[in-house]
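Peer 1: So you can see what is in the structure, the chains are spelled out below.
Number of protein chains: 2
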Amino acid sequence: MSRGYNFSAGPSAMPEPVLRRAQAEMLEWGGQSASVMEISHRGKAFVAMTEKVEADLRRLLGISSDYAVLFLQGGATQHFAQIPQNIAAPDDTADYLLTGHWGVKALSEAKPYMRTNIVASGEAGKYTSVPDRSEWQLTPGAAYLHVTPNETIHGVEFETVPDIGDVPVVADFSSTLLSRPIDVSRFGLIYAGTQKNMGASGLTVLIVRNDLLARKPRPLANILSYSAHAKEHSLLNTPPSFPWYLTGLVLEWIDGEGGLTAMAARNRAKSELLYAAIDGSGGYYKNPVDVRYRSWMNVPFTLHDDALDTPFLKESEAAGLLALKGHKAVGGMRASLYNAMPLAGVQALVDFMGDFKNRHG
Amino acid sequence: MSRGYNFSAGPSAMPEPVLRRAQAEMLEWGGQSASVMEISHRGKAFVAMTEKVEADLRRLLGISSDYAVLFLQGGATQHFAQIPQNIAAPDDTADYLLTGHWGVKALSEAKPYMRTNIVASGEAGKYTSVPDRSEWQLTPGAAYLHVTPNETIHGVEFETVPDIGDVPVVADFSSTLLSRPIDVSRFGLIYAGTQKNMGASGLTVLIVRNDLLARKPRPLANILSYSAHAKEHSLLNTPPSFPWYLTGLVLEWIDGEGGLTAMAARNRAKSELLYAAIDGSGGYYKNPVDVRYRSWMNVPFTLHDDALDTPFLKESEAAGLLALKGHKAVGGMRASLYNAMPLAGVQALVDFMGDFKNRHG
Numbered sequence: 001m002s003r004g005y006n007f008s009a010g011p012s013a014m015p016e017p018v019l020r021r022a023q024a025e026m027l028e029w030g031g032q033s034a035s036v037m038e039i040s041h042r043g044k045a046f047v048a049m050t051e052k053v054e055a056d057l058r059r060l061l062g063i064s065s066d067y068a069v070l071f072l073q074g075g076a077t078q079h080f081a082q083i084p085q086n087i088a089a090p091d092d093t094a095d096y097l098l099t100g101h102w103g104v105k106a107l108s109e110a111k112p113y114m115r116t117n118i119v120a121s122g123e124a125g126k127y128t129s130v131p132d133r134s135e136w137q138l139t140p141g142a143a144y145l146h147v148t149p150n151e152t153i154h155g156v157e158f159e160t161v162p163d164i165g166d167v168p169v170v171a172d173f174s175s176t177l178l179s180r181p182i183d184v185s186r187f188g189l190i191y192a193g194t195q196k197n198m199g200a201s202g203l204t205v206l207i208v209r210n211d212l213l214a215r216k217p218r219p220l221a222n223i224l225s226y227s228a229h230a231k232e233h234s235l236l237n238t239p240p241s242f243p244w245y246l247t248g249l250v251l252e253w254i255d256g257e258g259g260l261t262a263m264a265a266r267n268r269a270k271s272e273l274l275y276a277a278i279d280g281s282g283g284y285y286k287n288p289v290d291v292r293y294r295s296w297m298n299v300p301f302t303l304h305d306d307a308l309d310t311p312f313l314k315e316s317e318a319a320g321l322l323a324l325k326g327h328k329a330v331g332g333m334r335a336s337l338y339n340a341m342p343l344a345g346v347q348a349l350v351d352f353m354g355d356f357k358n359r360h361g
Numbered sequence: 001m002s003r004g005y006n007f008s009a010g011p012s013a014m015p016e017p018v019l020r021r022a023q024a025e026m027l028e029w030g031g032q033s034a035s036v037m038e039i040s041h042r043g044k045a046f047v048a049m050t051e052k053v054e055a056d057l058r059r060l061l062g063i064s065s066d067y068a069v070l071f072l073q074g075g076a077t078q079h080f081a082q083i084p085q086n087i088a089a090p091d092d093t094a095d096y097l098l099t100g101h102w103g104v105k106a107l108s109e110a111k112p113y114m115r116t117n118i119v120a121s122g123e124a125g126k127y128t129s130v131p132d133r134s135e136w137q138l139t140p141g142a143a144y145l146h147v148t149p150n151e152t153i154h155g156v157e158f159e160t161v162p163d164i165g166d167v168p169v170v171a172d173f174s175s176t177l178l179s180r181p182i183d184v185s186r187f188g189l190i191y192a193g194t195q196k197n198m199g200a201s202g203l204t205v206l207i208v209r210n211d212l213l214a215r216k217p218r219p220l221a222n223i224l225s226y227s228a229h230a231k232e233h234s235l236l237n238t239p240p241s242f243p244w245y246l247t248g249l250v251l252e253w254i255d256g257e258g259g260l261t262a263m264a265a266r267n268r269a270k271s272e273l274l275y276a277a278i279d280g281s282g283g284y285y286k287n288p289v290d291v292r293y294r295s296w297m298n299v300p301f302t303l304h305d306d307a308l309d310t311p312f313l314k315e316s317e318a319a320g321l322l323a324l325k326g327h328k329a330v331g332g333m334r335a336s337l338y339n340a341m342p343l344a345g346v347q348a349l350v351d352f353m354g355d356f357k358n359r360h361g
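Residue numbers (our numbering), protein chains in the order written: chain W, 1 to 361; chain S, 1 to 361.
No wet-lab data here; the hints were simulated from the structure.
Watch out, some of these pointers could steer you wrong.
Remember, identical chains collapse to one label, so a pair may be satisfied in a single copy or spanning two.
[Claimed, not checked] With a straight-line cut-off of 25 Å between C-alpha atoms, the simulated DSS-like cross-links for lysine-lysine are: (1) Lys216 / Lys52; (2) Lys44 / Lys231; (3) Lys111 / Lys216; (4) Lys286 / Lys314.
Quick caveat: nothing in here was measured; it's all calculated off a predicted structure.
My request is simple: use the sequences and hints to build the entire structure.
Peer 2: Take a look at the structure:
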């Protein structure tokens, strides 16, 4: 057996040096004579680890003291429901921009908790583009505007959110956080499951502006309150120790590779290589997304004849190119190119695609 | 460096064979050419793993088809708040039996969601015993009765819940599930964080009777609904893959050691050895708990002079006996004797306690 190039959309490939270090420290970590998952989350060693993770994340993303950083459980999906409970009152309206499956899901999970408004939707175009700012129907005085900067299923990404005035922008960055520098100050709340670019599943990072933390729009259990978690530095209850530790190792790996500028350069190069191969295939392979909004992270593509899907998947897997099957909502293939995917992996995919075309053309 | 005997209350010691297997499989698992945390939770291999974990748990605990088994996130604390939202209407009353810190916390987190009633409380006796059934003030037609069969801070455990008629009993088994056989059919809902006897932190197991799942007492996001999770076999969203996998390894380990009957015999022997050492110390060491309700899992004890606490902790740690410091609410020491603690570890502690008494007596 050996490790393949893993194009899984998530949970997804992790940097091999991170896995090797976790492996080496599995039985004894940090001078504790125990694994990191066997020790109290209130002990000095564990708390110091969490403080370093937060400091590293703040430095990498340039997060100011206007924001709290939370390390919670539940995945982005739980926070689809928890965010409205924390920052909107039942009579408030929250705006949602829908650019794919996950934005739709975020809206659906939020609906029990307040009024909602769809600002604009890419549905008519099968979510292959982002509705122009001029078409957005914003609600004056909305509690927030929710956006999904990258849609993993449709492969639609937008780098910057247009200016919308004083309404805070809440962004589900699950599939792009740490893939390139962002301007955190443009957002009220950023959140992301860690299982794409930031580690394993089981941890969710939230970056919340202090004025939103101060909103107390409804009675809420302490454990569901972001301000309560912030006050306790995300140690209100037993945290997911091992995923938190892994995220720390991933941040150190990103640092060692040159930080987010290096990640961005690498991710741009990887995606350009793959899109060029698709666009240069004479229609043998196709990606339907508006070129202005093509994702660096998730590249869906179809073959000119879907009868070729099965041999493509079988042969690619045999060649050590893993998890290329597309989401059923769009069909075909999908290559996810998160931080841990090296350029060599994308080159191997592109080479395979050319070879496959020659043999099956 | 070497691993010590780890008496941490949680996260706590894991069986070393489990850690060694996780270490060996860290980079490649189950023929996937990737780690278990790098693959899709919707793929065949991962789903088969989760099905085996559920089957193993059902067999070990004797869980009938009248119950769903859920593998969720959030820890027991999140479910303090989520349980009422799933099985009680805002106008319902839920009963709480308070036998220590965690029952009090469960009540506090539930309060925003319905009416509550304290059936009885051990507070006056500093939670060193369990109020007699004859003193319980039950609410007729309560949505449920909540109990905490083992209180980790106070070291108070009761093995069986007295009969209370048709009101379903909801039990926080975080610190005892899998430590001995239980009669699941006596409960409406059993829940437990996995970080004591069942694996690492980041996963919460719920065993929910189908009639409680069918209650729909209020509007709720899908992601917070137990019935929605049951319908999707706990794969409604990306699960905490690695903690789930670890729990599977722990269940296999328990099986290999002889199942819950063997765990119970071992846990009884371990706790008896330690209580005998405390009780036989002529007052040098003391445990304040009513002998009928002494916990097999968590043994708090004080030294006759608390000036000895610091040397006790320093010397015990130097002897490889880890994490014996008691919770600040009760002071002194606490030895947690979960499944992964071998009898040899308790013998080493008892030997150290005798030696310490001789040297400092």
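Peer 1: Hints numbered earlier in the text: which of these fail when held up against the supplied structure?
Peer 2: 1
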